[in-house]
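Undergrad: Residues per chain are reported as follows:
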Amino acid sequence: ANFRSVDEEFFDDLEELLIESDVGYETAMRLSDELREEVKLENVKKRSDVSDVIVKKLVDMYDEEGKEEDNSLKFSKDKTPTVFLFVGVNGAGKTTTIGKLAHRYQQEGKKVLLAAGDTFRAGAIEQLQVWGKRVNVPVQASKAQTDPASVVFDAVHRAVAEDFDILLVDTAGRLQNKEGLMRELEKIKRVITRELPEAPQEVLLVLDGSTGQNALSQAKQFNETTDVSGIVLTKIDGSSQGGIVLAIRNELHIPVKLVGLGEQMDDLRDFDPEKFIYGLFKELIVGSGE
Amino acid sequence: MAFEGLSERLQKVFSTLRGKGKLSEDDVRKVMREVRMALLEADVNFDVVKGFVKQVRERALGAEVMDSLSPSQQVIKIVDDELTKLMGEEAVPLNKAPHIPTIIMMVGLQGAGKTTTAGKLAKYLINNDKARPMFIAGDVYRPAAIEQLKTVAQQVGAPVYEEGTDKDPVEIVKNGLAQAAENKNDYVIIDTAGRLEIDDKLMDELARIKELAHPNEILFVADSMTGQVAAKVAHGFDEQLDITGVVLTKLDGDTRGGAALSIRSVTGKPIKFIGQGEKLDQLDVFHPDRMANRILGM
Ligand SMILES: Nc1nc2c(ncn2[C@@H]2O[C@H](COP(=O)(O)OP(=O)(O)OP(=O)(O)O)[C@@H](O)[C@H]2O)c(=O)[nH]1
Ligand SMILES: Nc1nc2c(ncn2[C@@H]2O[C@H](COP(=O)(O)OP(=O)(O)OP(=O)(O)O)[C@@H](O)[C@H]2O)c(=O)[nH]1
Ligand SMILES: [K+]
Ligand SMILES: [Mg+2]
Ligand SMILES: [Mg+2]
Numbered sequence: 001a002n003f004r005s006v007d008e009e010f011f012d013d014l015e016e017l018l019i020e021s022d023v024g025y026e027t028a029m030r031l032s033d034e035l036r037e038e039v040k041l042e043n044v045k046k047r048s049d050v051s052d053v054i055v056k057k058l059v060d061m062y063d064e065e066g067k068e069e070d071n072s073l074k075f076s077k078d079k080t081p082t083v084f085l086f087v088g089v090n091g092a093g094k095t096t097t098i099g100k101l102a103h104r105y106q107q108e109g110k111k112v113l114l115a116a117g118d119t120f121r122a123g124a125i126e127q128l129q130v131w132g133k134r135v136n137v138p139v140q141a142s143k144a145q146t147d148p149a150s151v152v153f154d155a156v157h158r159a160v161a162e163d164f165d166i167l168l169v170d171t172a173g174r175l176q177n178k179e180g181l182m183r184e185l186e187k188i189k190r191v192i193t194r195e196l197p198e199a200p201q202e203v204l205l206v207l208d209g210s211t212g213q214n215a216l217s218q219a220k221q222f223n224e225t226t227d228v229s230g231i232v233l234t235k236i237d238g239s240s241q242g243g244i245v246l247a248i249r250n251e252l253h254i255p256v257k258l259v260g261l262g263e264q265m266d267d268l269r270d271f272d273p274e275k276f277i278y279g280l281f282k283e284l285i286v287g288s289g290e
Numbered sequence: 001m002a003f004e005g006l007s008e009r010l011q012k013v014f015s016t017l018r019g020k021g022k023l024s025e026d027d028v029r030k031v032m033r034e035v036r037m038a039l040l041e042a043d044v045n046f047d048v049v050k051g052f053v054k055q056v057r058e059r060a061l062g063a064e065v066m067d068s069l070s071p072s073q074q075v076i077k078i079v080d081d082e083l084t085k086l087m088g089e090e091a092v093p094l095n096k097a098p099h100i101p102t103i104i105m106m107v108g109l110q111g112a113g114k115t116t117t118a119g120k121l122a123k124y125l126i127n128n129d130k131a132r133p134m135f136i137a138g139d140v141y142r143p144a145a146i147e148q149l150k151t152v153a154q155q156v157g158a159p160v161y162e163e164g165t166d167k168d169p170v171e172i173v174k175n176g177l178a179q180a181a182e183n184k185n186d187y188v189i190i191d192t193a194g195r196l197e198i199d200d201k202l203m204d205e206l207a208r209i210k211e212l213a214h215p216n217e218i219l220f221v222a223d224s225m226t227g228q229v230a231a232k233v234a235h236g237f238d239e240q241l242d243i244t245g246v247v248l249t250k251l252d253g254d255t256r257g258g259a260a261l262s263i264r265s266v267t268g269k270p271i272k273f274i275g276q277g278e279k280l281d282q283l284d285v286f287h288p289d290r291m292a293n294r295i296l297g298m
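Quick note, the sequences are listed as chains Y and V, same order.
Position one of the first sequence corresponds to residue 1 (our numbering), numbered consecutively onward.
Position one of the second sequence corresponds to residue 1 (our numbering), numbered consecutively onward.
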């Protein structure tokens, strides 16, 4: 897009940029209409001022969708272990995110346990074990193809018995339209809550940042099944910035809590809406500097 | 709303026109707005949509539609036609080397489905071609990538050549090919680590593997749930490696899969297979017409 002046063409370009950011057709239309109003309202004429108005408006909108919530991670209020359950479609980045987060908490001096709840995919248990070794955190695992709920049950018991602070539960990737697999996930969550009524403190939906409109369906279905408390947006070190979370925020009010920026243990950040919006629309901002 | 079928939406548009007789230019424009929306909601790349809509509009304004008795059906047919054409009309088989082994190299972004698809391809070749494939474990980065490949290989009953994770993948591929020659394997499937198309160092590694192995087939494996960026990523891989074909994975989900159209359009390379599940027999030959209907939500 090429933002030369603040005319109709400008807003066409904006619409295009929004669509190319995966925010979705309807969200793109709604946003560009609202932004057109805003620009009129503030009586902006110079291009260089418009992008400021737009980014500010987008950040406000993002915040507004979730006024009642904050995007910080929740922990157990007493001595019992905190449990985070990781869910999402195949290959989104669940296991890697667990490795990174384990590293973060281990560095903070917390006692961390991982549960190898993906007993299905080839090499999934070994993958988590390599991460465990890498960040120096134990992994509760059983053999491949066993019932994941029983592994999770064992892990919860061990976490309580051995006074772990945090238990991070990995699960197998599954597409949200597979009923049987979604029920299995429900069961895993139920097992956790039965043992620790306050847990899981977080159910984190891991979302590949390059996903298109299907991410909305993912958010809806996983939310229905496991009551998702936050999103981890991965792979935004790539060419995509994950604009789809704007649509998710808009429709489902689920906040992004963490972002993945690479494959190494340090490549995890807390989500910063302002930075995210700037990243998404940097073309617009860079363009205005000319 | 978002996932309502296109035919349904077009019917709605046309119902407001009923009794009008012929289609006006304005009517066609209205219809094309719906088509455009359907394609964008299916994640077809913005520029690809623009070109496509222009093309269809021209045809729709031609005599065949304007004078037709059921213009709506006619327009839907044109859209479907053009989309199928864009997707490459018929199935393209795997390349085969004149002398064994045929070398297939899997490339793509992280988590797209390369390793799983490598296993599926081996199974497909064993079942259909009585092949004796061997895998080369060229991913030395992802934790337990080799264990994953070995498990998959065991399930399909094919050997894996691996040298752990401390060596240069190019070296591993070189030694693996020598092993395959010795064993007279007729197919070699090289698994590589997922990487971003903007990662120069890792893309160069693939280029060096290509230069060494001269693969008959470089398959770009793409997640069918990918959004607008699919075109850019595919272009990046194609530009740097001159891919020979595409495999679209995870089509057992509820995605419309517009990435298929974007990838095909920007690379011009055939989509050869689609992945429809995690199990190793869930690989199917690609059918452009079915994909066209799916993208349009028909
Ligand atoms: N570039 C990049 N790659 C990532 C990121 N997070 C994960 N990956 C890579 O994506 C691939 C898939 O990650 P996994 O953690 O195995 O994903 P998963 O959701 O556990 O996958 P399944 O268990 O198979 O469903 C691996 O190659 C990871 O290294 C990220 O933030 N950036
Ligand atoms: N539902 C479904 N899952 C698939 C399909 N193909 C692959 N997967 C799953 O997607 C995830 C990633 O697959 P991998 O084969 O590990 O992907 P990869 O490209 O080798 O990943 P990296 O090596 O980390 O880059 C795994 O959970 C697979 O089981 C498919 O067609 N359908
Ligand atoms: K993916
Ligand atoms: Mg995993
Ligand atoms: Mg792999």
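Hints were generated in silico from the structure; no laboratory data involved.
In this text, all values refer to a predicted model and were calculated from it rather than measured experimentally.
Accuracy of the hints is not assured; some may be wrong.
To be verified - Calculated cross-link-like contacts (lysine to aspartate or glutamate; reagent style DMTMM-like; alpha-carbon spacing at most 20 Å):
#1 K40(Y) - D52(Y)
#2 K257(Y) - E283(Y)
#3 K30(V) - E26(Y)
#4 K150(V) - E126(Y)
Undergrad: Run every hint past the structure and note whether it holds.
TA: So, going through the hints one by one against the coordinates:
For the hint pairing K40(Y) with D52(Y), the CA-to-CA distance comes to about 14 Å; that is within 20 Å, so the pair holds. Restraint check for K257(Y) and E283(Y): not satisfied, since their Cα atoms lie roughly 24 Å apart, outside the 20 Å limit. Distance restraint check for K30(V) and E26(Y): the Cα-Cα separation of roughly 17 Å lies within the 20 Å cut-off, and the hinted pair is therefore satisfied. Taking the CA atoms of K150(V) and E126(Y), the gap is about 12 Å. The hint holds against a cut of 20 Å.
Of the hints listed earlier, the one the structure fails to meet is number 2.
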